[in-house]
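Undergrad: Sequence:
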Amino acid sequence: MKTFNKFTVVAALAVAAASGATAVAAASTLEIVKERGHVRCQVGPPSPGYYNLDSGGDWYGLDVAICQAVAAAIFGDKAALEIQSVSSQSRFTALANGESDLLSRTATWTMTRDTQLGIDFLSPNFYDGQGFTVRVDSGIKSAMELAGAKVCVTTGTTTELNLTDFSRTNDLNISNVTFEDYNVRDDTYLNGGCDAVTGDKSSMAGNIASFPVPSEHMILPETLSKEPLASAVRHGDSQWRDVVQWSIFALVNAEELGITKANVEDMRANSKNPNVLRMLGVEGNLHEGLGLSKDWAYDIIKNVGNYGEIYEAYMGDGEQGIHIQREGTLNALWTNGGLLYSPPMR
Numbered sequence: 001m002k003t004f005n006k007f008t009v010v011a012a013l014a015v016a017a018a019s020g021a022t023a024v025a026a027a028s029t030l031e032i033v034k035e036r037g038h039v040r041c042q043v044g045p046p047s048p049g050y051y052n053l054d055s056g057g058d059w060y061g062l063d064v065a066i067c068q069a070v071a072a073a074i075f076g077d078k079a080a081l082e083i084q085s086v087s088s089q090s091r092f093t094a095l096a097n098g099e100s101d102l103l104s105r106t107a108t109w110t111m112t113r114d115t116q117l118g119i120d121f122l123s124p125n126f127y128d129g130q131g132f133t134v135r136v137d138s139g140i141k142s143a144m145e146l147a148g149a150k151v152c153v154t155t156g157t158t159t160e161l162n163l164t165d166f167s168r169t170n171d172l173n174i175s176n177v178t179f180e181d182y183n184v185r186d187d188t189y190l191n192g193g194c195d196a197v198t199g200d201k202s203s204m205a206g207n208i209a210s211f212p213v214p215s216e217h218m219i220l221p222e223t224l225s226k227e228p229l230a231s232a233v234r235h236g237d238s239q240w241r242d243v244v245q246w247s248i249f250a251l252v253n254a255e256e257l258g259i260t261k262a263n264v265e266d267m268r269a270n271s272k273n274p275n276v277l278r279m280l281g282v283e284g285n286l287h288e289g290l291g292l293s294k295d296w297a298y299d300i301i302k303n304v305g306n307y308g309e310i311y312e313a314y315m316g317d318g319e320q321g322i323h324i325q326r327e328g329t330l331n332a333l334w335t336n337g338g339l340l341y342s343p344p345m346r
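For the sequence shown, our numbering assigns the number 1 to the initial residue and increments by one for each residue that follows.
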């Protein structure tokens, strides 16, 4: 897998010239990607569970798996991928200007972002909410006890805006201590530069697990916000949006149908369920509207598994997981009381 600025966050991106912007808008992203031979997928600085680096310098995580699924759908190979690590402040500009084909990096879907930045959000792949991490020995038991506190927060995020709103609404006079990099933010908190750190609760759970003594820290009970985390593509290319969106839906639909990385070969050869046969390209022509091969969904599952497998590996109790329970949460399948849902593939 190719890596773009493996450890260095892209600090700034030039605004495309008018002619270049027009060319990007007019071109078919799928054709460009096929000609290039790989997908350019944007994540953020390493964040446990979502996008992180192993000892060999390879990226892994829930959002990385979505990048891999799109690469597999197009090329039959999850490694046909260039991972770009981009700062929170530059991420949307990078996508809108064509530096990236796809953004998959814990981005919250909001109205302003969806309507004013030249990008389109897809269906959420993880439902989260913002909270606070504090030291156990601080004695703080509630976010309402943070009056006058210094709180570490990543800049250019909804997290920063929500923190300001929360402080103002509750007259807490919280001081925002801002950082571009999650890791610098957490290091500052650990070194006593802040009384608390705020972020999406799932990310904070993963971060606490990586702290020197995790038991010395706790997440406060309050949830400040709704954080529907979703991938995004550049506005104006509906075919590319369909390719990415249905690649994500394929992960969820495969879990609904019981198709896994281990049994996908057998299911394709022996299943009598028309829904399985259509999805895996044995029957019908679902692929034609996407401009992909008949095996596109089969290739996704063969390469990366279904959504449940990905969740367990990186968010759950897998070797690289951060041990966040899925059962009984919004991130369960709709059949299990959650919000994850794929439209019919027919």
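None of these hints come from the bench; they were simulated from the model.
Be careful, since some hints might not be right.
Unchecked claim - When the alpha-carbon atoms are kept at most 25 Å apart in a straight line, the in silico DSS-like pairs for lysine-lysine are as follows:
#1 Lys141 - Lys201
#2 Lys34 - Lys201
#3 Lys272 - Lys294
#4 Lys302 - Lys261
#5 Lys141 - Lys226
#6 Lys226 - Lys34
#7 Lys272 - Lys226
#8 Lys201 - Lys150
#9 Lys226 - Lys201
#10 Lys226 - Lys150
#11 Lys261 - Lys226
#12 Lys272 - Lys261
Undergrad: Can you confirm whether the C-alpha distance between Lys226 and Lys34 stays at or below 25 Å?
TA: 36 Å, violated
Undergrad: Within a Cα-Cα threshold of 25 Å, do Lys226 and Lys150 meet the stated pairing?
TA: 23 Å, holds
Undergrad: Lys272 and Lys226: Cα distance at most 25 Å?
TA: Answer violated: Lys272 to Lys226 is near 40 Å, above 25 Å.
Undergrad: Just to be careful, I want the Cα atoms of Lys34 and Lys201 compared with a cutoff of 25 Å; is the pair within it?
TA: 37 Å, violated
Undergrad: When you check the alpha-carbon spacing of Lys302 and Lys261, does it fall within 25 Å?
TA: 5 Å, holds
Undergrad: Measure nothing beyond the straight line between the CA atoms of Lys272 and Lys294; if it is 25 Å or shorter, mark the hint as holding.
TA: Given pair Lys272, Lys294 holds - Cα atoms ~18 Å apart, limit 25 Å.
Undergrad: Is the straight-line distance between the alpha-carbon of Lys226 and that of Lys201 25 Å or less?
TA: 11 Å, holds
Undergrad: Check the hint pairing Lys201 with Lys150 against an upper bound of 25 Å on the C-alpha distance.
TA: 19 Å, holds
Undergrad: Regarding the pair Lys272 and Lys261, is the alpha-carbon distance no greater than 25 Å?
TA: OK: Lys272 and Lys261 at ~18 Å, within 25 Å.
Undergrad: Within a Cα-Cα threshold of 25 Å, do Lys261 and Lys226 meet the stated pairing?
TA: The given pair, whose Cα atoms are some 32 Å apart, is violated under the 25 Å limit.
Undergrad: Verify the proposed pairing of Lys141 with Lys226, using a straight-line Cα cut of 25 Å.
TA: Holds, at about 21 Å.
Undergrad: Verify the proposed pairing of Lys141 with Lys201, using a straight-line Cα cut of 25 Å.
TA: At roughly 16 Å apart (the allowed maximum being 25 Å), Lys201 and Lys141 satisfy the hint.
Checked against the numbered hints given earlier, the structure breaks hints 2, 6, 7, 11 and satisfies all the rest.
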